[in-house]
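Here the protein sequences line up with chains A and B, keeping their order. By my numbering, the letter at position 132 of the first sequence is numbered 132, and the numbering carries on one by one without gaps. Just add 1000 to wherever you are in the second sequence, counting from 1, and you've got my numbering.
Simulated from the structure, these hints should not be mistaken for laboratory data. Some hints could be false.
Unchecked claim - Among the chain B residues that face chain A by a calculated CB cut under 10 angstroms, a handful are:
#1 His1096
#2 Met1268
#3 Ser1275
#4 Ser1278
#5 Gly1299
Unchecked claim - The calculated label-pair distances, taken between Cβ atoms and stated as ranges, are:
#6 Lys1266(B) x Glu64(A): 34 to 40 angstroms
#7 Lys1266(B) x Gly91(A): 48 to 54 angstroms
#8 Pro63(A) x Val1294(B): 39 to 45 angstroms
#9 Lys1266(B) x Pro63(A): 33 to 39 angstroms
#10 Glu1188(B) x Pro63(A): 51 to 57 angstroms
#11 Leu1215(B) x Glu64(A): 58 to 64 angstroms
#12 Ser1218(B) x Thr104(A): 29 to 35 angstroms
#13 Asp26(A) x Asp1234(B): 56 to 62 angstroms
#14 Ala1172(B) x Ala33(A): 30 to 36 angstroms
#15 Asp67(A) x Ser1076(B): 54 to 60 angstroms
#16 Asp67(A) x Val1294(B): 19 to 25 angstroms
#17 Glu64(A) x Asp1028(B): 56 to 62 angstroms
As the list claims (entries may be wrong) - Just a sample of chain B residues kept apart from chain A, beta carbon distances all over 10 angstroms, derived:
#18 Ile1024
#19 Val1031
#20 Asp1032
#21 Gln1094
#22 Asp1106
#23 Val1118
#24 His1122
#25 Arg1124
#26 Gln1183
#27 Ile1193
#28 Lys1231
#29 Glu1271
#30 Pro1279
Since the model is a prediction, treat every value here as computed from it, not as a measurement. Ideal Cβ placement from N, Cα and C applies to all residues, glycine included.
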Amino acid sequence: MSDTPSTARIPLQISQGCIVASIQVDLRPDVLATFQSDVLHLLRDSGARALIVDLSGVDTIDPEEFDALRRTSDMVRLMGALPVLSGLKAGVVSSLVDLDVNLTNIEATRSLDGAFALVGAMPDTRAHGHGRPIPTTDFDDADNPDTK
Amino acid sequence: MQGASRAVAKQAKWETEMAENTTIIINDEVVDSAELMELYKITAEDQERIRRLGKKAAGHMDRAFDEFYEWLKEESWFDEFFADENVLAHVKRQQHDYWQSFMTADVDADYVQRRHVVGEVHARIGLPLNAYFAAMNTFQEIFAHVMMDVIPGEDHAATLESMSKLMHLDSAIVAETYNRAFQDAMREQSDSIMAMSTPVTEIWDSILFLPIVGLIDSHRAREVMDSTLSKIADTQAQIFILDISGVGVVDTAVANNLFRITRATKLMGCESIISGVSPAIAQTIVDLGIDVGVIRTTGTMRDALALSFRSVGVEMTRTR
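All chains, please: the whole structure from these sequences, using the hints.
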């Protein structure tokens, strides 16, 4: 457990019109809260069509952490994009099932490639292809009045 | 001739009725002056004391008014409301009449009506209610001074008490009128906002669009639903886009109102899309645990439009 005063951020990048989040750090509550707001604002500003959360580097997820991810996914869906969990490890999945965590209504794939394929197979409902530029990652632009 | 004499008799009868009448209808409400007297515990003795004061103080009234206007000049609202000399002269005359009628202590329909008018005038010119109360308070103080000279001894306190009862009655009528004027203004405003706030537009064949700005309470949700449903019936629309980017706060009630609208449109064969879901609104909806169900939501109006075009089979291409 690191004691850095500033919240560690989960890096977000945009690839093929999707936000890709690669989880490399402990999913502490403050990390998850920052992640949630970063994702939603980037989603609004970029017009990305999906959020892919790469969990291949995560060995354990407790029910609270998973629930936070799930709620972020729900918000992403509300904003019209598709949330996908990718690379969940077998041990993580079995412990989640053992703990009776709600796993319905979640899109998941084994690999990043699978996630992109899934997003590609879904009809593109976002209008990003019609001239809206996808900006480079800029988390702090939270209160841009143009898009509010 | 006979008809005319009957009319005159009728008029006379009406006048006597009016003179004896204790009730008056103000803003569709019956106000009974006798009830008011009872409410403020004004007895015949009180009336008698006030009348006696009226007679004895008659010669001192000018002094009292002078004192009052000395006070008024120092107040902040004097310049705003009474700076004009004509206005001031008019106000002084009115005030003179007012206190004369006060000193008769004849609380009847006419008396109540005149206080009501005082309140209406004050509310219309926008004089703050606390200015009115401060003025009444000052008058009471001044009269207490005057009374020292004309009604000494034990009667002094009793008369003062009688006076303050009647002044409370007067103030209550005025305050009620203020309140009423304020409520009327509020209602007018909300009605006009309501009227211009549900412009359901057909932006494309089979696609309806409604932007919502401000607050959605259950009353407004009903207006929205009514105008949307009748528009759907008129246009045979297949898609209804409800844009909520102008909605500041979404709570459980607001969300439920929105979802009720979308469920209703579905029954008419029209799919709803809620667009303009901002990060904040998305967070609130999920944090409140509101079940969105199968309703399609998008972050921007533009996405909703793209989705609708696809859904009704319209393809847009640039020609240049």
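Right, here's what the structure says about each hint:
{"no.": "1", "hint": "His1096", "verdict": "violated (58 angstroms)"}
{"no.": "2", "hint": "Met1268", "verdict": "violated (23 angstroms)"}
{"no.": "3", "hint": "Ser1275", "verdict": "holds (8 angstroms)"}
{"no.": "4", "hint": "Ser1278", "verdict": "holds (7 angstroms)"}
{"no.": "5", "hint": "Gly1299", "verdict": "holds (4 angstroms)"}
{"no.": "6", "hint": "Lys1266(B) x Glu64(A): 34 to 40 angstroms", "verdict": "holds (35 angstroms)"}
{"no.": "7", "hint": "Lys1266(B) x Gly91(A): 48 to 54 angstroms", "verdict": "violated (43 angstroms)"}
{"no.": "8", "hint": "Pro63(A) x Val1294(B): 39 to 45 angstroms", "verdict": "violated (26 angstroms)"}
{"no.": "9", "hint": "Lys1266(B) x Pro63(A): 33 to 39 angstroms", "verdict": "holds (34 angstroms)"}
{"no.": "10", "hint": "Glu1188(B) x Pro63(A): 51 to 57 angstroms", "verdict": "holds (54 angstroms)"}
{"no.": "11", "hint": "Leu1215(B) x Glu64(A): 58 to 64 angstroms", "verdict": "violated (34 angstroms)"}
{"no.": "12", "hint": "Ser1218(B) x Thr104(A): 29 to 35 angstroms", "verdict": "holds (31 angstroms)"}
{"no.": "13", "hint": "Asp26(A) x Asp1234(B): 56 to 62 angstroms", "verdict": "holds (57 angstroms)"}
{"no.": "14", "hint": "Ala1172(B) x Ala33(A): 30 to 36 angstroms", "verdict": "violated (54 angstroms)"}
{"no.": "15", "hint": "Asp67(A) x Ser1076(B): 54 to 60 angstroms", "verdict": "holds (59 angstroms)"}
{"no.": "16", "hint": "Asp67(A) x Val1294(B): 19 to 25 angstroms", "verdict": "holds (22 angstroms)"}
{"no.": "17", "hint": "Glu64(A) x Asp1028(B): 56 to 62 angstroms", "verdict": "holds (59 angstroms)"}
{"no.": "18", "hint": "Ile1024", "verdict": "holds (53 angstroms)"}
{"no.": "19", "hint": "Val1031", "verdict": "holds (50 angstroms)"}
{"no.": "20", "hint": "Asp1032", "verdict": "holds (55 angstroms)"}
{"no.": "21", "hint": "Gln1094", "verdict": "holds (52 angstroms)"}
{"no.": "22", "hint": "Asp1106", "verdict": "holds (63 angstroms)"}
{"no.": "23", "hint": "Val1118", "verdict": "holds (48 angstroms)"}
{"no.": "24", "hint": "His1122", "verdict": "holds (42 angstroms)"}
{"no.": "25", "hint": "Arg1124", "verdict": "holds (39 angstroms)"}
{"no.": "26", "hint": "Gln1183", "verdict": "holds (34 angstroms)"}
{"no.": "27", "hint": "Ile1193", "verdict": "holds (21 angstroms)"}
{"no.": "28", "hint": "Lys1231", "verdict": "holds (24 angstroms)"}
{"no.": "29", "hint": "Glu1271", "verdict": "holds (13 angstroms)"}
{"no.": "30", "hint": "Pro1279", "verdict": "violated (3 angstroms)"}
Violated hints, listed in ascending order, are 1, 2, 7, 8, 11, 14 and 30; each of the other numbered hints is respected by the structure.
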